[in-house]
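Line order of the protein sequences matches chains X and A.
Everything in the first sequence is counted per our numbering, starting at 530 for the first residue and increasing by one.
Everything in the second sequence is counted per our numbering, starting at 530 for the first residue and increasing by one.
It is worth saying that the hints were derived from the structure and are not from the lab.
Only true hints are included.
Same chains, same label: a pair holds when it works inside one copy or across any pair of copies.
Here are the computed lysine to aspartate or glutamate pairs in the DMTMM-like style, where the Cα-Cα straight-line distance is at most 25 Å: (1) K642 / E652; (2) K724 / E599; (3) K805 / E750; (4) K718 / D541; (5) K718 / D600; (6) K805 / D541; (7) K658 / D850; (8) K642 / E716; (9) K805 / D744; (10) K718 / D678; (11) K724 / E769; (12) K658 / E769; (13) K724 / D600; (14) K621 / D584; (15) K609 / E622; (16) K773 / E715; (17) K724 / D596; (18) K642 / D598; (19) K577 / D610; (20) K724 / D678.
Bear in mind that the values here come from a model prediction, so they are computed numbers and not experimental data.
There are 2 protein chains.
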Amino acid sequence: MITIAVDAMGGDIGLSVTVPASVAFLERQNDVKLLMVGDEAKLQAALKSVNAPMDRISVIHASEVVDMDEDPRNALRHKKDSSMRVAINQVKEGLAEAAVSAGNTGALMATAKFVLKTIEGIERPAIAKFLPTTNGGLTCVLDLGANIDSTPEHLLQFAIMGSQLVQAVNPHIKTPRVGLLNIGSEEIKGNSTVKEAYHQLQNSQLNFIGNVEGDDIFTGEVEVIVADGFVGNVALKTIEGTVKMMGQIIKNEFNSSALSKAQGLIAKPVLAQVKKRIDPRRFNGAIFLGLRGVVVKSHGGTDAVGFNYALQEAYHEAKADILTSIQRGVSAHLAAAEASGVNIGK
Amino acid sequence: MITIAVDAMGGDIGLSVTVPASVAFLERQNDVKLLMVGDEAKLQAALKSVNAPMDRISVIHASEVVDMDEDPRNALRHKKDSSMRVAINQVKEGLAEAAVSAGNTGALMATAKFVLKTIEGIERPAIAKFLPTTNGGLTCVLDLGANIDSTPEHLLQFAIMGSQLVQAVNPHIKTPRVGLLNIGSEEIKGNSTVKEAYHQLQNSQLNFIGNVEGDDIFTGEVEVIVADGFVGNVALKTIEGTVKMMGQIIKNEFNSSALSKAQGLIAKPVLAQVKKRIDPRRFNGAIFLGLRGVVVKSHGGTDAVGFNYALQEAYHEAKADILTSIQRGVSAHLAAAEASGVNIGK
Chain X
530 MITIAVDAMG
540 GDIGLSVTVP
550 ASVAFLERQN
560 DVKLLMVGDE
570 AKLQAALKSV
580 NAPMDRISVI
590 HASEVVDMDE
600 DPRNALRHKK
610 DSSMRVAINQ
620 VKEGLAEAAV
630 SAGNTGALMA
640 TAKFVLKTIE
650 GIERPAIAKF
660 LPTTNGGLTC
670 VLDLGANIDS
680 TPEHLLQFAI
690 MGSQLVQAVN
700 PHIKTPRVGL
710 LNIGSEEIKG
720 NSTVKEAYHQ
730 LQNSQLNFIG
740 NVEGDDIFTG
750 EVEVIVADGF
760 VGNVALKTIE
770 GTVKMMGQII
780 KNEFNSSALS
790 KAQGLIAKPV
800 LAQVKKRIDP
810 RRFNGAIFLG
820 LRGVVVKSHG
830 GTDAVGFNYA
840 LQEAYHEAKA
850 DILTSIQRGV
860 SAHLAAAEAS
870 GVNIGK
Chain A
530 MITIAVDAMG
540 GDIGLSVTVP
550 ASVAFLERQN
560 DVKLLMVGDE
570 AKLQAALKSV
580 NAPMDRISVI
590 HASEVVDMDE
600 DPRNALRHKK
610 DSSMRVAINQ
620 VKEGLAEAAV
630 SAGNTGALMA
640 TAKFVLKTIE
650 GIERPAIAKF
660 LPTTNGGLTC
670 VLDLGANIDS
680 TPEHLLQFAI
690 MGSQLVQAVN
700 PHIKTPRVGL
710 LNIGSEEIKG
720 NSTVKEAYHQ
730 LQNSQLNFIG
740 NVEGDDIFTG
750 EVEVIVADGF
760 VGNVALKTIE
770 GTVKMMGQII
780 KNEFNSSALS
790 KAQGLIAKPV
800 LAQVKKRIDP
810 RRFNGAIFLG
820 LRGVVVKSHG
830 GTDAVGFNYA
840 LQEAYHEAKA
850 DILTSIQRGV
860 SAHLAAAEAS
870 GVNIGK
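Build the full structure now, drawing on both the sequences and the hints.
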């Protein structure tokens, strides 16, 4: 049985997204219990209205909600009874294996870091996400915005965590290939940080295959792509924008004349399939890596389908016991680094 | 009459791309002359084989070619008679209004900077490109890789140049909206460089609308997007990768069964239209801004259709006299900055 704590109030919409998603998730996954955290009265009412299976749901009251645009420091200092924080507390206390929230990203990261602390050997947690490749696989990209101005040591730590995550979730991938996001494939490319990170990665025990560029994200040539959070976040948002733009172009072209509309009607089943394959909701759920607990961030504006995917993501991470893997990976690298005299950060 | 110098030997393919593209371009544009630079014998033979209109073509011999993977410093020091350099020399000597090359980007930038020098007030040239927006417009994005570790002053200079470029090419856009590529819309977001750039942009006379994110590139909310070259290059390559990935998904889905293949056949005219709209060849031609001369870089691996678009890009820049616009814009900003005590760099 896996227990997941859900910040039921988080996100742009809150209960009317998190509650139906949680119910759908429980129907799909029968080895799961949910601790749903939020305003008890409202939460009970919402659960009742959808006939939620209360044998696998516990409601935990939290009197506050972190606003979507609230300063993370404010949330951390003054909202100690927020649904977000109480959900993370469940993980800290060992009552849940993972926490999921669609709330304020900065506040979630700050709270998770404060409550759970980082794994020994990891200075900064990172945000990771699995993106689909054209050959049917997935690439884990990190950091997606938790850390700006990352040092080479941070990038190496991200690589270790990403590599362990991929192995834990896909045991058939023994030595995930790691690429460093850069602006050219040659070793001499990039700013001073990535140049130094290149050498550290090369000297590590990771399966580092070298620099990759933005157009390698989807080719499946690597299983892990490492970047500074500023660069990774720009890349992620650029992907979202490009997908949206192409969807719009396809829509416009099929709506451009009576004939094209008719052709679009005929091609509709295939176009629906394409739409499904690129549906961002299917890739909802960013993983906070490097903490002593599994925390998954859902997109704030997603609907119940998307939030369901974030719950699934948390379930997979918890089931794969990624914490133990990451801890083991970090320890092994620390030991190897110490033996060879390489500094990986702490 | 506009005269354009063409590095006929540059690119992955060379003459068999540049020559047919040049001929097609001359057929399209009757107010153009081309100075085609390269190995005279080979060039003459290639021109003859396609019955090129020699009344508007001059062949200029250059004995060397810069390799695609050659160290730019090597090209600069030891290949003074390369087709790339001789083409740029034509601009320097006032014999051509613009130079176009599909050669080694680093070498082209180094050579162009060395031969042409930068405009007064501009410390570093930038690479800019127009990308299509979903509302049918274009957004000018810079820098796309010429400068890594840009300072806030550089970002301001890029913004001035991009703004002037947009105005020169689209005289109906009087005050182009400028956005700073960042990882959130709030002023407090980003690394120290973009935070400082935000203030400098805000205090400038530009129509600065604030931070934009990767998913705003295609929305048409701004006409100019400014970024450090590392970030801009990652974004550009990520766009290319995403477009390719989506094309592959569409192809796979239409090939997935006999029925979907038949549906694809019916929808083919619309799909061809979609393909045309996102064809990267149509957006080929990156502009080197900030030099005392127009230089356009074509993608190294493009075909004759793509190289033709790069020639068109050079033609538009030369026709719009972007150099004068940029010079005027930089002077005005320098004067305003001096008056208000703001430092824009030099």
